[in-house]
Amino acid sequence: RKEVEQDPGPFNVPEGATVAFNCTYSNSASQSFFWYRQDCRKEPKLLMSVYSSGNEDGRFTAQLNRASQYISLLIRDSKLSDSATYLCVVNIVEGTYKYIFGTGTRLKVLA
Amino acid sequence: DVKVTQSSRYLVKRTGEKVFLECVQDMDHENMFWYRQDPGLGLRLIYFSYDVKMKEKGDIPEGYSVSREKKERFSLILESASTNQTSMYLCASSFPPDSYGYTFGSGTRLTVV
Chain A
1 RKEVEQDPGP FNVPEGATVA FNCTYSNSAS QSFFWYRQDC RKEPKLLMSV
51 YSSGNEDGRF TAQLNRASQY ISLLIRDSKL SDSATYLCVV NIVEGTYKYI
101 FGTGTRLKVL A
Chain B
1 DVKVTQSSRY LVKRTGEKVF LECVQDMDHE NMFWYRQDPG LGLRLIYFSY
51 DVKMKEKGDI PEGYSVSREK KERFSLILES ASTNQTSMYL CASSFPPDSY
101 GYTFGSGTRL TVV
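Sequences listed follow chains A and B, in order. Under the working numbering, think of the first position of the first sequence as 1, with each following residue one higher. Under the working numbering, think of the first position of the second sequence as 1, with each following residue one higher.
If you are wondering where the hints come from, they were derived from the structure by calculation, not from laboratory data. Incorrect hints may appear among the rest.
Claimed, not checked - Quick list of simulated restraints, FRET-style, between CB atoms:
1. B:71 with A:42: 22 to 28 angstroms
2. B:71 with A:55: 30 to 36 angstroms
3. A:28 with B:12: 40 to 46 angstroms
Stated by the list, open to error - If the Cβ cut is set under 8 angstroms, some of the chain B residues that face chain A in the computed set are:
4. 40
5. 42
6. 43
7. 61
8. 63
9. 78
10. 90
11. 102
12. 104
13. 106
14. 107
Since we're looking at a predicted model, the values are computed, not measured. Don't be surprised by glycine CBs; every beta carbon is placed ideally from N, CA and C.
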């Protein structure tokens with residue numbers, strides 16, 4: 001089983017739609033969680049950290065469910081510019097800190 | 001803003017060549033990392049460093065080495081390039097304890113022919 005799993009998609013949604021992605025992780029010692037956004041042929045960029053209480057940044061909401069070991073990202077009122085691959089990242093401590101990246105979920109927002 | 005600069009955006013090298021990929025960050029970050037990214041496999045950690053002259057193997061270090069002589073610079077070396085090392089290479093840096101995420105460079109797309 002992969003340490004971090006994501007549905008690769010693509011998720012094709014119309015502009016204005018609400019879309020949600022989930023990401024599951026296998027290591028219960030995971031401490032920090034992030035969503036990164038990666039545009040085609042570009043580097044990943046930090047979108048938002050995911051806090052235990054859940055957090056919101058504009059149209060984006062991130063949630064953490066430690067009991068079920070998953071994190072989620074909700075995008076409301078999708079824009080064409082939201083089209084990208086969204087990477088789930090989990091930080092675990094195994095002697096040293098280690099980031100585990102999911103392979104990403106591809107989102108296409110259609111006009 | 002933290003800036004992580006990779007020396008080349010695109011690189012084409014021949015099999016057997018020694019290849020140097022350079023990465024420089026300008027925010028005094030202790031931690032630096034080298035990843036490669038391949039379709040369907042995601043980002044895989046090659047090497048990382050938490051301090052000058054310090055290096056640790058990641059998940060796929062075979063065929064690679066690194067050098068960190070100065071805090072701001074972390075070099076990835078392909079001792080003898082092979083075609084299976086054709087990939088996108090991404091450098092990242094962070095401030096410990098990595099709670100704030102990584103900043104990535106723009107990547108080097110290496111093709112080995």
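Now for the hints, and whether the structure bears them out:
1. B:71 with A:42: 22 to 28 angstroms: holds, 26 angstroms
2. B:71 with A:55: 30 to 36 angstroms: holds, 32 angstroms
3. A:28 with B:12: 40 to 46 angstroms: holds, 44 angstroms
4. 40: holds, 7 angstroms
5. 42: holds, 4 angstroms
6. 43: holds, 4 angstroms
7. 61: violated, 14 angstroms
8. 63: Cβ of residue 63 of chain B sits 21 angstroms from chain A, so the hint is violated.
9. 78: violated, 20 angstroms
10. 90: Holds: closest Cβ of chain A sits about 6 angstroms from residue 90 of chain B, inside 8 angstroms.
11. 102: holds, 7 angstroms
12. 104: holds, 4 angstroms
13. 106: This interface hint holds because 5 angstroms falls under the 8 angstroms limit.
14. 107: holds, 5 angstroms
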